[in-house]
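Construct the complete structure from the given sequences, taking the supplied hints into account.
Each protein sequence line maps, in turn, to chains A and B. With this note's numbering applied, the first sequence corresponds to residues 1 to 581, in that order. With this note's numbering applied, the second sequence corresponds to residues 582 to 1152, in that order.
I should point out that these hints are in silico values taken from the structure, not numbers from a laboratory. The reader is advised that the hints may include incorrect statements.
Unchecked claim - With beta-carbon atoms standing in for the labels, derived distance ranges:
1. A:Lys149 x B:Gln1141: 16 to 24 Å
2. A:Arg317 x B:Glu1119: 39 to 47 Å
3. A:Tyr151 x B:Asp617: 56 to 64 Å
4. B:Arg940 x A:Ile387: 54 to 62 Å
5. A:Glu147 x B:Glu1119: 27 to 35 Å
6. A:Glu147 x B:Ile674: 43 to 51 Å
7. A:Ile387 x B:Ala869: 34 to 42 Å
8. A:Lys323 x B:Glu743: 27 to 35 Å
9. A:Arg460 x B:Lys814: 49 to 57 Å
10. B:Glu1116 x A:Met190: 51 to 59 Å
11. A:Arg317 x B:Ala1148: 27 to 35 Å
Stated by the list, open to error - The list that follows gives simulated cross-link-like pairs (lysine to aspartate or glutamate, EDC-like), each with its CA atoms no further than 20 Å apart:
12. B:Lys918 x A:Glu413
13. B:Lys784 x A:Asp290
14. A:Lys580 x B:Glu1086
15. A:Lys320 x A:Asp290
16. B:Lys663 x A:Glu274
17. A:Lys551 x B:Glu1140
18. A:Lys551 x B:Glu1142
19. B:Lys918 x A:Asp421
What the hints assert, rightly or not - Just some of the chain B residues that point at chain A, by a computed CB distance under 7 Å:
20. Gln584
21. Leu656
22. Ser685
23. Val686
24. Leu709
25. Glu717
26. Ala923
27. Asp925
28. Val926
29. Phe1125
30. Glu1127
31. Tyr1129
32. Asn1135
A virtual CB, placed ideally from N, CA and C, is assigned to each residue, including glycine.
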Amino acid sequence: MSKTVNSLNLILVTGRTILQGTKVEEKLTKHYEEYAAIVRMHPRDLAKLGLKSGDHVKVIGPGGEVIVKAQRGADVPEGIAFIPLGPWAECVVEPKTDSTGMPGFKGIPVKVVKTGEPITSLSKIYGYNGYPILNLGVSLDIEAKGEIKRYTDVVCPFCGSLCDSLIVNVYGNRIVKVVNACPLGMSKIMGIYENRVLEPRIRVNGELVKVALEEAIDRAAEILVNAKYPVLYGWASTSVETIRLGLELAEIVGGVFDHTATFCHGPTALGFHEIGMPKSTLGQIKNRADVIVYWGSNVTEAHPMHPSRYSFTSIGRFRKGRKDRKLIVIDVRKTGAARNADMFIQAEPGKDFELLVALRLLVQGKELEAPVIAGVPREKVVELAEILMSAKFGVMFVGVGLTMSGAKEKNFEELFRLLHDLNTISKWVVIPMRGHFNVTGADLVTIWITGYPYAVDFSRRYPRYQPGITSTADIFLREEADALLNIASDPLAHFPKKVAEKMLKVPIITIDPKWSLTAAFSEVVIPSAFVGIECPGTAYRMDDVPIRLKKIVEPPPGVLCDEEIVRMLLEKVKEKLGVKK
Amino acid sequence: MTQLLIKNGFVIDPLNNIHGEVVDIGVKDGKIVPPDDVDLRYAKVIDASGKLVVPGGVDVHTHVAGPKVSVGRLLMPNDHYKKGGRVVAIPGIKRSGTGIAVPSVTTIGYKYARMGWTMVMEAASPPLYTRHTHHELDDTPIVDKGVNLLLDSNWFILEYIEQKAQERVNAFIAWILEATKSYAVKLVDPGSAEAWSLGVATKPLDVDEVIPGTSVTPKDILVALANAVRDLKIPHPIHVHANMLGIPGNYVSTINTIKAVADIVNQRGLSIHLAHIQFNAYKGDSYATMTSGAEELAKLINTLTGVTFDMGQVVFMPTVTMTADAPWEYVLYHITKWKWAAGDVENETASGVVPYTFRRHIYTNVIQWGIGLELALLVKDASKVVISTDHPNAGPFTRYPQIIAWLMSKKARENEMKKLNKRALKRLALPAIDREYTFEEFVLTTRVAPAKIIGVEKFKGHLGVGADADIAIYDIDPRTYDPSRDYKKLVKAIKYAAYTIKGGEIVVKDGKIVKTIYGRTFYTKTRTDPKIMHEVLEDIKSKFNEWYTITFNNYTILEQELHKPYAITPV
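Listed below in C-alpha cells is the structure:
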C-alpha cells in the first residue's frame, strides 16, 4: 500500500439519494443524519487518505467546512466526492450564483481531511452550539377502523413524474396500503402521520407558543405588511390553486415571488429564453422513442417509476419495452440507470459544455481534433454522435446535473442548439426531469400571470425579473430581504449555509404540513394539509401536462389546506392595507 | 346588481335593425332590458350623447391561453421588459401584468376590455393540455371565453375515419368536447401533426396527400369532422387552419379545402370558418415571386353563403408566431434562424413557436399585409369577415384599431403604403381598391359576424332586450365625424373606449380599467346515440393505457375545476 496523505483535493457533487429522499420530510430524526451526513468516495481515494468506510472526514469548500462520515461508493469515480442533498452538503457548496440564481451545487473543488472529530450536528450548523433544535413534530395516531375504501387513479404527490395510477386503501381515515408507488411516493403517502404540525404557533419572547389560527394569520399578515422587501418562497409542493393566490399576495405586499425552480431547472429556463427547445409529452416517448438519453439525471433514485411508465422499459403503441430502445446515460458517476445502459458516457464534472460542443461539431459534419473531450475518448464521442444522428425518435432527459454544474445555463443554450441541429437529421426532443411534484406548475402559473418563470419581483407593483438579482439566494446573500414566507419547502436545509445564515436574521413564516428545520426557526408556523392526499388541487407533470390531484383522507382536525390558508392570509393583508373589496 | 341607463347614444345594432339612431339602452342584472325597466333611483346614468354605442367586441380566433402561449411567453422575456405592455397593479382595482406580443393573462383581459371587446375564443388547445388552457382562461379578467379543441390528428379519430365509421367520429367528438370542457372543433393543417411526430414532415402536407403512417388524407379528416359538427349540431362550424399555410401557391389548397366541405352545411347555414385566411392566400412559386391570391379566394367566397373567415392581418412589428402547425414553424425557424420551440402532444397534436418580425421593407411581408386587407375589402358581404391578427401570429390584438382604420379609410392605407416596399405594392391590387368600410360594417366584422360564427348571437353581438349587457361606448359621433379623413381619431377612440360594460358592470371608463371581474367559459354539451357512445367509450378505455400516460379517469376535466363554466346545449 502506498503512502497515505493528510488531505486530498476532490470535486464535490451533491445530489438526491433514494434513502435521503424518503426521509426528506423528517430532517430532525437520526435516520436523516445517517443518510445525509455522509460523503461517498472512490475506494482508491479512501485508501489515499488511509480511511475506512465509516471514518470521519472534514470537507472544506467555498461555502465553509463540515464533518461527515466517509463511505465507500463504487459508483463514484476517482477524484469525486459525493454528498447527498441536505444541510451537510449546504455547508460546503458555493453560495455565489454567477448571476443565475443557482448556487454551485455540483462540480465544486473541495479539500477532504481526515479527522477524529464527531459529525457536525444540525444544531451546530444552525448556530445553536449543542442545544438540540426544537422539534415539535408529532405522530398522528389514527386508528385503522371503519369503512374500507379503495381509491384508484390516485396521483402521487412526490416527484415531477406524477404517476397517476396509484391505488390507495383506506380504513376509516387511515391509509393502510399503497399500490403502484415507488419507495419515494410510498414513504410520502404512508408517512403523512409522522412528524406533523397540528397547531398554529407564533414566537412570543423567543418561545413558539400555540395560538388560534386567526392569530397566527394576523401575525403573519403583520410581518408581510411591515416588511419592505419580503420573499415568498417555496410553492413547488403545493397546488396550482395555491400558487395563484401566492402571486396575488406577492403583488399586494410588493415582495419577491420565487419557487424551487431557482434551484433545479432555473438555468433551463434561462437557456430556453435564448434558444428555445423542441419538447414533447411523455407519451410520445412511450409510443415512439427509440433512443433515450439521460444526461445528468439519476433517474433510478430521483424518479424511480419514470423508466417503466414513460421511458426505456415502458410499453407503448409502436415501441414495446426495453428491447425496442437504446438507452444512453451521460453522467459523472455510474448511476443505477448507467448499469443498465447500452452506452454509458462518464464525463468529467462541469465539462458538459465541452461535450455538447463536440457533439454539435460532429452533428454538423465536422471533425474533432482533441483526442479526449470532457474526459471521454474521441472515438466514444463519435460513436455517441452516430447513435444520436441515427435515431428515429430521440429524447434527452436532462437533470440537474446539467443545471447545477459548470456552465449552468450555457449548458442549456448549447444543448438546445444541439437539439436544433439534430432535428435537421432526425427527430429529437428534450424533457427536463423536474424534481418537486408541482415545480412545473409553479413555473407555468408564474409565467402566465407575470410573463416570467420564477424570481419575480413585485416591489414596483409590476413584475420584474432578473435571476441573479431577484432570486432568493442572491437577495439573502445581499441581505436585502426583511421577511420570508416559506410554504411547502424547507429553505434553511436546502440553501447554502451562507444564505441560510442570512435567512435566520429575518422573521420567517412557515406554512407546511410537517415540522421542518425552517419551522424550528420561524416566527409563525401554520400547519397545512397535504395536497394530493388530504386536499384536492392541480399539479403539472414534468412535461407540462396538468393532472388533478385527489383528496383521499381528511386532514387532522383544525388543519386547513394551503389554498385556504393563503386565501385567509391574502384577505388579512388586504384588510390591513385597506384594500377595498 | 348594478342598473345602468345609457342615454342618447348613437346606437348601431344590425341584428335588431338599428342602423344608427339615438336609442336609450337599459341594463339590469347583467342583461339588457327596456329602458323603462330601469329604476332611476338606483341606476347609474351614462350620458352617451355624441358617442357611438355598439355591442361588445367578439374575437373568434386569438391565441391567448394554453401551453403554447406560455411557451411563447417563456421564449420572449425581452417582450415583457418593454414599457408598453406593463400594467401596474392597483390593489382592489387591477392586477399587474407584462407583455406586448405575448402578454400575461391579466394584460390580455385588460387590453381587450379597453378596446371594447368582451368575448374571446382561444384558437387552439390540445385536449391533453386543455386543463392548462382553462387555468389561464380562468385567470384572464373581464372577457368571456371558450376553447377551440385541436382534433385533426387524434389517433382515435384517424382510426375511425380509416374504418369509415362516421357515427364513431361523432360520438368521440361529443365525448371529448365535454371531457375537456371545450367549445368548438379546430383543425390545424389537418393530419400534419401525425406526420410531424414520425419525423417525416420535412414539407407541409397538401389536402389530397396521404398522411404518412395512415391511409387517410387531410380531405377525409375535413369531411369527417364537418359531418360530425353538422350531425351533433355544434353551433360553431369547423374552424380550419388550412393545409400548406405560409407556402407560396397555397391559395389552390385553400380553394380545395373550401370545396371539400362547402356543401356540408350545419343547421345554422355555415359550413366552414377559415382561420387567418391571409396566410393561406398566396400565389407564386417562391417567396421572391409571391403575389396575392385574394381575388380568386374572394370570388369563391362571394358565391358561397356558408363560408366565413378571419383576416389574420399582418401589422408591422416584432411578434411571436405560435401554431399547432409544427412543420410550418420548423420551416419558419429556418427562415428566421433565431429561436424555435416545439411541443408534441401524445396521440393528439403538435405545435411550434418561433419569434418573427414583420418588416415594412421586406417584399413578402408587404404582400402579406396587402392580402389581408384585399380579402376583407373584396368580399362583398362584411358579415363573412372577422377582423383578426391571429394574435400573436401576425401581430398582437392590440393593433385592431389600426386595422379598422385601414379598412375604414383609404387615406389611412395610402399613408401606410408610403412607408412600404414599392416593388411589393406594384404587385398588389390594394392601391386600386376604393372601398371603405362603413360604421355598420365595422360593427358587423367585429361583433355580429364573430358572434354568429361562434353561435352565440342570441345573447352576444347585439343590444336587444335579453342580450348580455356587454356594451362598448366609443367617443366618436358617426353623424359628424368622417373616419376616412381623420382616421387617427378613430384609432384612438377604439384603442381607449369611453366605456366598456361587461355583464352589466362598468369595467372601463375613459380608457382605464376601473374594475376587475371574471367572465364565463363556454363549452359544448352535445347528445349522441347512447349505444354508439358506449361502444366508443369502451374502445377508448381499452386503448387508453397503452397510448396515453395518464389514466382515462384523470383525463376528464370536471366542471368544478373551472371557475365559471357555462354549458351550451345545441337543440
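Quick one: which hint numbers does this structure break? Sort them smallest to largest. 2, 4, 10, 13, 20 and 29
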